[in-house]
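A.B. asks: These protein sequences, in sequence, are chains H and E.
Okay, so the first sequence: first residue is 1 according to this note's numbering, each after it adds one.
Okay, so the second sequence: first residue is 1 according to this note's numbering, each after it adds one.
These are calculated hints, taken from the structure and not from any lab test.
One or more of the hints may lead you astray.
[As the list claims (entries may be wrong)] To be clear about the criterion: a stretch of chain E counts as covered by chain H if any three or more of its residues have a C-beta under 8 Å from a C-beta of chain H, and this derived list gives those stretches:
(1) 32–44
(2) 62–74
(3) 122–128
For glycine and all other residues, C-beta sits at the position ideal for the given N, C-alpha and C.
One-letter residues, chain by chain:
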Amino acid sequence: MSVLLVRIDDRLIHGQVSVGWATHLRPDLILVLDDEVAADNWENDLVCAACPDSVRARVMRIAEGSRFLSDEAPSADRIVVLLRGTKQARLMLDGGFRPQSINIGGLHHHEGSRSLLPFVYLDSSEVADLRYLADHGVGLSAQDLPGNRSVDLVPLLPDPVR
Amino acid sequence: MTVPARVPALLVGHGNFARSLLSVAEAISGPVDDIPCLSNEGRSPERLAAEIKSGLDRLGLPALLLVDVANGSCFAAARRASRGLRDAHLLTGVNLPLLLTFLQNRDRLGVEELVAHVLERGRTGLARHRDGDGT
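Assemble the whole structure, with the sequences as input and the hints as a guide.
C.D. replies: Structure, rendered in structure tokens:
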């Protein structure tokens, strides 16, 4: 099993993932770690329907998915992991799976958020989550599509509020 | 004879898709002031879904929800906004022939007939025209 990409994207599976990244990385499996989607069959079907035909899609609860990814179960699968937000990434880390780096692919404008990049808006709790990930040795790069520039987010994170 | 009420619609797409498509349709068939256009640009998925939902609430049902492409983020927002609403007719792959057909027939046809008709015209608008093929 190899994890090709761990991505935070508030849209989960959508064009940039199913066309852009899937064409570039050729994964066997897109694994969505999300407790809300996992608990709702309607949402599960909607999210999985956006997956390209050549790739399998699966939704797991974060705790279950973190165990699955840290188990090192022998398998040939090439995996792209998707999380909808920083909170979910933090829960994944606490659940036992620590990737070398996480791609921030889309966190769009929302209440209380500030723009770091056109596709990365963070509020204070998201900044805290990302600091937590960085403090645990996880690299953070912002990149929407494979052909575009990757930006190291760690130096761009605002200082914690004192 | 009763004339069906005008079927309302909301246009949703990536970037400038909705606004641009409508402006081209307006250049062909005249001004339109009752089709709200929504974009994913600068909006979180939750906010886009909420705006589509409030748009549907304002327009009333039945209504058409015209979306650029299936399985994108605009589509997902439209699906979430219309979850459980049988009279919100979500159509994807919206193109100029579909939109023009909609504008020409929205005062004339009931919603079921209208949906069938615009889908048909949207599909037949997609074609190859080549010298020597007899078309």
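A.B. asks: Hints first: check each against the structure and report whether it holds.
C.D. replies: Going down the list of hints, with the structure as the test:
For a cut-off of 8 Å, the count of residues in the segment 32–44 of chain E with a CB near a CB of chain H stands at 3, and the three-residue condition holds. With 4 residues carrying a beta carbon less than 8 Å from a beta carbon of chain H, the segment 62–74 of chain E meets the three-residue requirement, and the given coverage holds. With 0 residues bearing a CB less than 8 Å from a CB of chain H, the segment 122–128 of chain E misses the requirement of three and the coverage assertion fails.
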